[in-house]
Amino acid sequence: MPNTTIISRLRKAAIVITLLVLAGPPVALALFRILPVPITPLMIIRRFEGHGLSQDWVSLSNISPQMRAAVIAAEDNRFCRHYGFDFGALQDAVENWDAGRRPRGASTLSMQTAKNLLLWPGRNIVRKALEAYVTIWMEILWPKPRIAEVYLNIAEWGPGIYGAEAAARHHFGISAAHLNRRQAARLAAVLPSPLYWSPSRPTAAIAARARILEHRMTQLGPEFLGCIGGKP
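In this text, residue positions in the sequence shown follow this note's numbering: the first is 4, and each later residue adds one.
No wet-lab data here; the hints were simulated from the structure. None of these values were measured; they are calculated from a predicted model. Using N, Cα and C, we set each Cβ at its ideal position, and we do this for glycine too.
Computed spacing ranges between beta-carbons, pair by pair:
id, residue 1, residue 2, range
1, P124, H85, 15 to 25 Å
2, Y86, R126, 14 to 24 Å
3, I10, R130, 23 to 33 Å
4, R126, I47, 16 to 26 Å
5, P162, L34, 27 to 37 Å
6, N183, L144, 26 to 36 Å
7, H173, F90, 33 to 43 Å
8, R126, T7, 31 to 41 Å
9, R204, P225, 31 to 41 Å
10, F90, P146, 15 to 25 Å
11, P195, I10, 40 to 50 Å
Produce the complete structure using the sequences and hints provided.
This is how it looks when you write it as structure tokens:
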């Protein structure tokens, strides 16, 4: 009898946990469609690692079109055309892996926003499955401008630095609204490893990547203008 009681309690606990995992993301996303994001799991983790926390939430209209374009060019140039998942990039990654080449990242801006907003760093299968689940709900509940706005306000841009506003002020001494093309490109260039690369003190490799991004920014199609606004 005691064993039966324990099993029953464990079963109930598992059901409750499952319901929380399934219901939590859409509820949180419904709230954050309107409300600024005060803190994320990554910010909490970094605090425990000894980093500070500098973040100044600003609306998308107060982030320069150059910065918006730079992030799209660097992270996901199909952002305005897909619904959360870039299946072309996924297919390329699989083909590269199958051919023995290092696969390029297939993570979209939507997927990165989902991860940064509600999840933790890592590449294990559980985290990736939750990332996909959150991404689906995000694309259902949020318009593209909101996804871009949240990403640009919570992305990590250095030890304890989060969001374009804090990054612009820390690295260039100006607001995100006044970033020019080169500054925006340098900020976007360090996103793969913001704890080790600096936009204001770029290595030769980062400066070269930023120049490539500057060129890509001019090639964004007309859908970009209708998607998150502003001509770069």
